[in-house]
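Residue numbers (the numbering used here), protein chains in the order written: chain A, 1 to 114; chain B, 1 to 112.
Hints are computed from structural coordinates only; laboratory data are not their basis.
Each hint should be verified, as a subset may be incorrect.
Unchecked claim - Derived lysine to aspartate or glutamate pairs resembling EDC-like cross-links, with alpha carbons at most 16 Å apart:
no. : chain 1 : residue 1 : chain 2 : residue 2
1   : B       : 50        : A       : 1
2   : B       : 50        : A       : 100
3   : B       : 37        : A       : 100
4   : B       : 26        : B       : 66
5   : B       : 104       : A       : 40
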Amino acid sequence: DSGVTQTPKHLITATGQRVTLRCSPRSGDLSVYWYQQSLDQGLQFLIHYYNGEERAKGNILERFSAQQFPDLHSELNLSSLELGDSALYFCASSVWGGRDNEQFFGPGTRLTVL
Amino acid sequence: QQPVQSPQAVILREGEDAVINCSSSKALYSVHWYRQKHGEAPVFLMILLKGGEQKGHDKISASFNEKKQQSSLYLTASQLSYSGTYFCGTMNGSNSGYALNFGKGTSLLVTP
């Protein structure tokens, strides 16, 4: 158990809908990262927040957005869902977000878009 | 920017050794190794930093060749529990936000 929690574990929804994924980092960690894992694309970085501020964006679609709240939990919002958005979504946390920081992954949310 | 891992897959008998390689076309600052079992989260194994030493714990170790921008993960006397997909994640000097760029993974199966 990494100490990172994610809810829900599974999410099944229809195309065009909007969902919110939630992540709570390990106690004391200030950085949260979101990653998407699909069979064809592998593990892809989406976005990084540090202490409430956005620090970097990766291959994140405009239909996706995220935020980190004062209590450091983070939410990833996915809207106008398409079949291709079906994937495992992981969040990871690290102490402060430097290049020498270990990132610890949560159990993931499996999103299925029908 | 995605690092290249080799081999793509390997099958071992319990007790055999394996090496997994990770290479990048960009100058690397750090290399992070993870193991993921099917449907589960990637589990952190170790991190190697530019200018750092070879690392290891138990029978898993890794090295980082800065000149070649390569890292290798060494699995010695493999156990059944070593089965899974191994990913290297890299960070280079130009990374903003320090996100990990992951390779496509190496699938490792250890058989009795």
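Violations among the numbered hints: Of the numbered hints given earlier, those the structure breaks are 1 and 3, listed in rising order.
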